[in-house]
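Generate the whole structure from the sequences, applying the supplied hints.
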Amino acid sequence: MTEEMGQEQGVGGAPAAPVKTPWGDVDSLRERRLRPGQRLPRKEVKSNQRARLFAAMVAVCSEKSYEATRVADLLELSGVSRKAFYELFDDKRACMLAAVHALISPAVEAIAATDDVGGSEERARQAFEAFIRLIVDQAPAAKMCFVEVFAAGAGGADEFDRATDAFLELSLKMLRNTPGRAKLPPEIVRAMLGGARKVIQTRLYLGNEAELVDLSPDLWAWAMSYTPPPEPLRPPRERARKSPAGLDGYDPVERILRALASVVAEKGYPQMTVSDVAERASISLSTFYSHFADKEEAMLAAVDSGSAQMLATTLPAFRRAPDWPHAVRGAYGAMFAFCAAEPDYTTLGAIDVYAAGRKAMEQRDGVMKGMEALLIPGYERNPDVSPVAGEAIGGAIYSMINDRIKQHGAASLQGIAPLATYVTLAPFVGPEEACEVANGDGRGS
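Residue numbers are given in our numbering: position 341 of the sequence shown equals residue 392, and the series is strictly consecutive.
Keep in mind that the hints were calculated from the coordinates and are not lab data.
Wrong hints could be hidden among the right ones.
Simulated crosslink set (DSS-like; lysine-lysine; CA at most 27 Å straight-line) [what the hints assert, rightly or not]: (1) K318 <-> K234; (2) K94 <-> K71; (3) K97 <-> K115; (4) K134 <-> K97; (5) K318 <-> K457; (6) K420 <-> K457; (7) K224 <-> K234; (8) K410 <-> K420; (9) K115 <-> K318; (10) K115 <-> K71; (11) K115 <-> K134; (12) K410 <-> K115; (13) K71 <-> K97; (14) K134 <-> K94; (15) K457 <-> K410; (16) K318 <-> K71; (17) K234 <-> K457; (18) K224 <-> K71.
These numbers come from a predicted model, not from an experiment.
Right, here's the structure in full:
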């Protein structure tokens, strides 16, 4: 059996420099084509083609992003024909998801089969640092799994969640053998994983993955600063906030942004169109384009508007508290009350922003940096806290919001205020005070 030839030429999708991938260096892909007249089992031929396409997907996504990647780019770089591609995959999304699955599944299966996770905290630290080195060594593939996968829609997020669940189970097994942490609640461990994920994601999409090697000891120190709360964290009394009714009371720009958030909550960012937004906002397409160049620009504006409104609610609650720990608790109470009242904006900023690409993630990180500034008094109280803790805590809280929305909807977010408070305060003030403030001692909101 021979491989189909006739691949596209001159597409310009190849990266400027050779890219290392788990399926080999991309500059050798076309050389690995099966020779005409070479009869091999069909399964072997398809395996060869899939590997070359997966390597090409990693390389082109690394250079251009998933959204900008075209099937023609993959064909030019891999040397696979268009006919052969469509015998394997329906479209580029199917190819992307298959590549991510091929990367993640072996790790998930290995974790699931791991029974012997005994040993010291030092062994666990070494395993963590080895994982970070692997990410740095295979940065293009890691970027596809940590960043670009979300642009492929719900299927991509599902793959990532599957890996996160597996790492959570492994972490819980390891912690059972770690003195002082055997009873850490799973929701705190998952938040710790979310904090590490955010630090990794940011370095990958900015192309600064080499920083992760030096950051890994600080990131590990932050994670190991958590011990179980001395008492169970109690759910708060939820404060009802009235959600805005309809779009009639808003100016055209805010109507567009709220309509966009509503449509994205229903359909997802990749499937959302400008026409969808115009119809939801009851405006013409010309009105939309008089304010925004395209759906990406409107998406960025919507993330900015939702974030600004959230901060306008959160900061006053932070400033009127009697001390810093209670300021953190008050800020989360106000923030999650806003989130419950504005579910579309909240879902947009917590979940759909991943699918909107690098610019949206950079904008989200800008908002998180503003929230990280609220931790400065914590460093004044405890200068020994890991320098990366502020960024990791922001990622942990973001991860908690993301998980809560997926499981129970944005309207339930007020329920995680005690957990968010504990995760934020514990590294700075210790578990006892963090737990006391999280559960409410009468001095904070």
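Here is how each hint holds up against the structure:
no., hint, verdict
1, K318 <-> K234, "violated (39 Å)"
2, K94 <-> K71, "holds (25 Å)"
3, K97 <-> K115, "holds (26 Å)"
4, K134 <-> K97, "holds (12 Å)"
5, K318 <-> K457, "holds (15 Å)"
6, K420 <-> K457, "holds (24 Å)"
7, K224 <-> K234, "holds (11 Å)"
8, K410 <-> K420, "holds (15 Å)"
9, K115 <-> K318, "holds (25 Å)"
10, K115 <-> K71, "holds (16 Å)"
11, K115 <-> K134, "holds (24 Å)"
12, K410 <-> K115, "holds (13 Å)"
13, K71 <-> K97, "holds (22 Å)"
14, K134 <-> K94, "holds (16 Å)"
15, K457 <-> K410, "holds (23 Å)"
16, K318 <-> K71, "violated (35 Å)"
17, K234 <-> K457, "holds (25 Å)"
18, K224 <-> K71, "violated (33 Å)"
In summary, the numbered hints that this structure violates are 1, 16, 18.
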